[in-house]
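All chains should be modelled from the sequences, with the hints used to inform the complete structure.
As given, the protein sequences belong to chains A and B, one line each in that order. Under our numbering, think of the first position of the first sequence as 46, with each following residue one higher. Under our numbering, think of the first position of the second sequence as 46, with each following residue one higher.
What the hints contain is simulated information worked out from the structure, not anything from laboratory work. Where hints are given, some of them may not hold.
Which copy? The list can't say, so a pair holds if one copy fits it or any two copies do.
20 Å max Cα-Cα, derived PhoX-like pairs, lysine-lysine [what the hints assert, rightly or not]:
1. K202 / K63
2. K165 / K201
3. K52 / K75
4. K202 / K165
5. K202 / K139
6. K56 / K202
7. K73 / K139
Protein chains: 2
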Amino acid sequence: MYYVFHKQMMKMLGQLDKWLETAEAHAKAKNFDPNVLIDARLAPDQFAFVRQVQSACDVAKLSTVRLTGKEAPVQPDTERTIEELHARVRSTIKFLETVSESDYANAATRLITHPRWEGKGAHGADYFIEHAIPNFFFHTTHAYAILRHNGVDVGKKDYLGPQTRHNI
Amino acid sequence: MYYVFHKQMMKMLGQLDKWLETAEAHAKAKNFDPNVLIDARLAPDQFAFVRQVQSACDVAKLSTVRLTGKEAPVQPDTERTIEELHARVRSTIKFLETVSESDYANAATRLITHPRWEGKGAHGADYFIEHAIPNFFFHTTHAYAILRHNGVDVGKKDYLGPQTRHNI
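In structure tokens:
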């Protein structure tokens, strides 16, 4: 289960990278600076686009670190351009590519701790289903929704990405 | 894996039911008709709130039907009030409660077909990871984002719901 979703997170981050390209093309066609989208948000007290993208990357990276024990590169959240967000997404995917199925061997029973959990812990299995996966989709979907709200022509197919189908 | 996510989908729909309550309380406090939220949307060519909620319910219901072979109640998409959306969400949860882990025994290898897939099919395992789960979170998160965009005071804890933690 873990590695199947690990690959799905890599795929979704690849789609997110494409949404950024669509946003750049939209800005070019409408003759505005694509980097104004960095601070776009759906509510004044909700994360802006830049932080939705950073968070999507971080959930993928940190859930992998917590469930496998692998070390990941530190990323300082300094992005201010779409180009820098491309680099953030691509470096996250590059890290995820270094992880293999066997790295997740003890994921279910690992003890996961978090600075905001007030001294409590979670089993890896619960953390993964209840926290990591919902958070990952929360931030990817908000990134998508902010672009969509700003006129960027992304659709459900761009969200889902390629699907494995066969003749019947 | 399937039943673990089945329970997670039930939990998320339970959270969605609570977001509807928060929306009703917000409308009451601001003295507006809560049912105007039904037609709220983030982009003119994106689904309105009502259809995001119907779609979240349908992905949960139809993925369960496709992966287990169970029969589900038909729901005609006629909701026009928040009260009716409560009923839709609750009846979906009620159906999901009738399904047990053993119903998913052959889920991975079932052949999934879809009217929009132009005669192609997908294995249950691929359909579940690539289509059902991302779509479920897409529509629940959009429902949440539309409420948030309209000033409803929901936050990440309301999105995630209760988390399984233990002392360490």
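Results of checking the hints against the structure:
1. Proximity of K202 to K63 under the C-alpha cut-off of 20 Å is restricted to the intra-copy arrangement: shortest distance 12 Å within a copy versus 30 Å between copies.
2. In this assembly of identical chains, the alpha carbons of K165 and K201 lie at most 20 Å apart only when taken from different copies (19 Å versus 38 Å within one copy).
3. In this assembly of identical chains, K52 and K75 lie within 20 Å of each other by CA distance neither inside one copy nor across copies; the values are 35 Å within and 45 Å between.
4. With identical chains, the CA atoms of K202 and K165 are at most 20 Å apart between copies only, with a shortest distance of 16 Å across copies and 40 Å within one.
5. Taking identical chains as interchangeable, the C-alpha atoms of K202 and K139 are never at most 20 Å apart, the minima being 24 Å within one chain and 30 Å between chains.
6. For the homomeric pair K56 and K202, the shortest alpha-carbon distance inside one copy (13 Å) is at most 20 Å, but the shortest distance between copies (26 Å) is not.
7. Proximity of K73 to K139 under the C-alpha cut-off of 20 Å is found in neither arrangement, the shortest distances being 28 Å within a copy and 49 Å between copies.
The structure shown violates the earlier hints numbered 3, 5, 7.
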